[in-house]
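Sequence lines, in order, name chains A and B.
With our numbering, letter number 64 in the first sequence gets 64, and the count goes up by one each step, no holes.
If you want our numbering, it's the position in the second sequence, counting the first as 1, plus 1000.
In case anyone wonders, no lab produced these hints; they're calculated from the structure.
Be aware that a few hints might be false.
Okay, the calculated beta carbon distance ranges per label pair [claimed, not checked]:
id	chain 1	residue 1	chain 2	residue 2	range
1	A	Glu-67	B	Ala-1341	53 to 59 Å
2	B	Arg-1259	A	Lys-205	55 to 61 Å
3	A	Arg-14	B	Ala-1224	55 to 61 Å
Here are the simulated DMTMM-like cross-link-like pairs (lysine to aspartate or glutamate), alpha carbons at most 25 Å apart as the crow flies [to be verified]:
id	chain 1	residue 1	chain 2	residue 2
4	B	Lys-1346	A	Glu-414
5	B	Lys-1291	A	Glu-393
6	A	Lys-395	B	Glu-1216
7	B	Lys-1073	A	Glu-414
8	A	Lys-395	B	Glu-1350
Think of the CB as a built atom: it goes at the ideal place given N, C-alpha and C, for glycine as much as any other residue.
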Amino acid sequence: MSTLRESADKALQRGLNLTGPLAHSQVEQIAEDWFPQVRFHEKERFHPIDVERLFKVPPAVLAAMPEPAREAFLIAINGPLGERRFVPPVVRNGSDVLLHGGDIVTDPDTLRDGTEVLEDGVDDETVYTHGNSVTRSTQFFGASDTVSGVPEPQSGDPRVPRHVPIEVRAEMRFLLETLKHELQEDIPNDALWGRFGVVDLFFNKTLTGPDPGAGFKRDLLAKLITAHEAGDETEQANLIATIPPTSSFNTRAWSAVTNYVFLEYYFVYAYNDYDQYGDWPFVNVHEGDVEGCCVVFERRHLEEFAADPRAFEDIVAHSVITSVHEEYNDNDELKRLPVERERAQSELVVYVAPGSHATYLTAGSHDVLDWEDILTDFPGRAPTWAQVLMVLELKIAIVVLFLLALAEHFVDSEDETSDNGVSIGPGPDPLPGGTAFGKRLIVTPLSRIADAPDGLADLNLYQAALDPPLPAGVDDLAHLARRAYPGIWGASDSTLNYSSPWQNKTTRYFKKFLSSGDIRSEVIL
Amino acid sequence: MGIVWSPAFQHQFLDGNPRNFNAFPGTHSVQPHVLVVPPTPPRDQLGFAVRPGHRFDYTFEPAVDSVIGADIKLDTAFPALATAGQLLGQVALANGAIRLLLGFVSGSARLQLFVSNNVIGISVPFDGEPLRVHARWHTHGQGQIWVNGTLRGYAPSLAAGASFTVAHLRFGHHLDQPVANAPAFLIRGICVKLLRREDAGRVFDSLFPLPSPLDEACLRKMTAVDNAIMEEIRAFMRRAITRLTSRWQEGMPGGPFSREAVAAHEAAVAAGLAFMAFVVHRRDEDAEQVKQKVDEFLTLIKATDPAGYAELVARLEAMTAQYDPSCLARLRPLAQQNGAALQPVKTLLEALLEVIRSPGGTL
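Working from the sequences, and respecting the hints, build out all of it.
If you want it as structure tokens, here you go:
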């Protein structure tokens, strides 16, 4: 377990900078300009909030409730001291409560609000919860009446978001820089540093024989990046020639990582109530849900913008990628945007399915598909658990196989997306009263850390944990502690219904870009 | 948690890039060739133009075997003036053994689903507006065609009992040679799902994931008995379907499904939902719902052939003796480790066994 201060020291020492030559203020400009039109379904009950609200809203809502009603929303924790009850939310390691709602200052403008205690003592098994039920999530975060004031939503009369403006997080990652930091040893284990697990994608298996191994691959990629940054094409060719004949280098992946930049938008939800909208057997429910989409840029466009020859108005995004259910489903969508700026912006529309919060690129119904490696993981037999039960009662086999026969008739599961619900988009807030709502875009500073070795100061969120804080740094340790929190955003933990940590989606977006993107590949190695 | 049917190919033509699709592992080719990805066209031009000489081929590597169901969804659109002539297209699987033919001419859309030379065909009015065509076949014999979400045609015994190896998907026009100035319609989206013989087992395995201690030989033996039992169940279901449903297409009086068929379907769906809810929540009321709905379903199915049903159950019970005792013995340690956790499921399944033995008589 590493503390945020240790992570911040590493960020300083390693010159962490994921936005290339762009300053944070430029990233903010681009993130606003290329924010997609985001269209929610009219029935959506939970709209995006950022993690700050996950902490501050429950105690604020509870404080406004009459005293007798509050009791039902307290969170019971059983531990060595017996049952204790806490104001939500609770952050705990097992029964050890690290933080609870009673500790939190709910004023949204307070920088140090109590959540900064999460800078230490948390790991990937720590659990955040505001009660782990749809009832409690609805009480704190759920929409109720529609725009016209009735309880049942209709097309064109969606549920009004409970908390406005709707909050969205944006994070820009230049892929080459992101890979460079991924390849470093001893990476901090926090959600802000994140992961970019793509090393194997750069190597195609060509012959049967031993794999070159993870160490070889990582070392080769690190050296290739150094040679690429030095502009040494001969060295790059020499390095690639060292790859054993059992593998070949994936030049398409190299082109992608060297020529493109991801601007990732994250939508944080209090609850996934997919069971209200989806079909058996795919539906699930869980507390907490981090979803989103990604806008892809050509690196050279942003480099030219940073160096000034390209005007801000001449930046045109390249593609948009969505995030559909689980990463292993391999069902994300991608669209190459038109090359004309106006068309590209008008066609940059992302739809959010109700409940699951999967994102799509068109309105209508979408087959929920699971492309995971069904050729290799397919067991081709009755489930093991059924075989185990057959040891206890042999004829149970008949029942299980009968249920399987029934299940064969459950062909479809669909997500529905709509043009007729709540929407948010780029630009100033819309006038009140309609179905378009204002948004607050929170751009995570991931640029040059102040006093970085290159002598250029900018802004990186890790600066909040440096001791002493740097002059140009941010003084919001709570903001950093929430975003870097490595634990689980929710207490759902069953096989089907489980909460997840915040995992940056760079890897899955890269996989989709690699498989379906229109990747410029003028580099021939 | 997966879907029971396996997705095989999906292309939504979201941009001008022919390779922007999802599929089983495999390779594709497009006629005419696309050498350079064209810029993303305006929305109304997105899609695969179906005219002579235009086709999209996909080869599954490896081929998908033991396919006992196919589900094809097509979103079609018709550019202005394109509907003046005759427009033809097709989607073909397994070297054409399963194929959906589309014809649009003179205000009428003719849709035919062929499976092993059996066919179900419908005609619906066509005014040039986009159509969603959805065709499905299951080895129980059920063939169905929907248009814009409404069932338009049904067959109860379409290639009943058949299974296929699907190595190839082709969609586009059946003629290989281009024809100058030929009109075209657009495929805006295509999604093909396949049901393999053991797909449902894959989904159920994920309900309580346990590592299997069995070696390949034991797995093969166990699977062989599973498959034999499943075939018996499917054969009975095929006969029940022909008694509860009838061939139908829009325009014919009544509908394809008898009152009992509708009730059986609803009971099966409710049983499935309740079983899932029971797995998730382990609530007694869900277990009761499973028992009740399975009982309702089986009572209706049994009524189609009471004697045949009794023989089926007796045969199935006898077939369980074919499971290899030495293979089962290897599962015993896992049973001891997980017996307590699986006890609620065991209790429910034992109750369902009694329901299967005498539907309508135990609850």
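Are Lys-395 of chain A and Glu-1216 of chain B close enough, with their CA atoms no more than 25 Å apart?
-> holds, 23 Å
Given pair status - Glu-1350 of chain B, Lys-395 of chain A, alpha carbons within 25 Å = holds, 8 Å
Straight-line alpha-carbon gap Lys-1073 of chain B to Glu-414 of chain A, limit 25 Å | Cα-Cα ~13 Å, so holds.
May I ask you to test the hint 55 to 61 Å on the CB atoms belonging to Arg-1259 of chain B and Lys-205 of chain A?
-> holds, 57 Å
Given pair status - Glu-393 of chain A, Lys-1291 of chain B, alpha carbons within 25 Å | holds, 18 Å
Given a hinted range of 55 to 61 Å, is it respected by the beta-carbon distance of Arg-14 of chain A and Ala-1224 of chain B?
-> For Ala-1224 of chain B against Arg-14 of chain A, whose Cβ atoms are near 57 Å apart, the range 55 to 61 Å holds.
Taking only the CA atoms, is the gap from Lys-1346 of chain B to Glu-414 of chain A under or equal to 25 Å?
-> violated, 31 Å
Cβ separation of Glu-67 of chain A and Ala-1341 of chain B, checked against the hinted range 53 to 59 Å | violated, 41 Å
Of the hints listed earlier, those the structure fails to meet are numbers 1, 4, in rising order.
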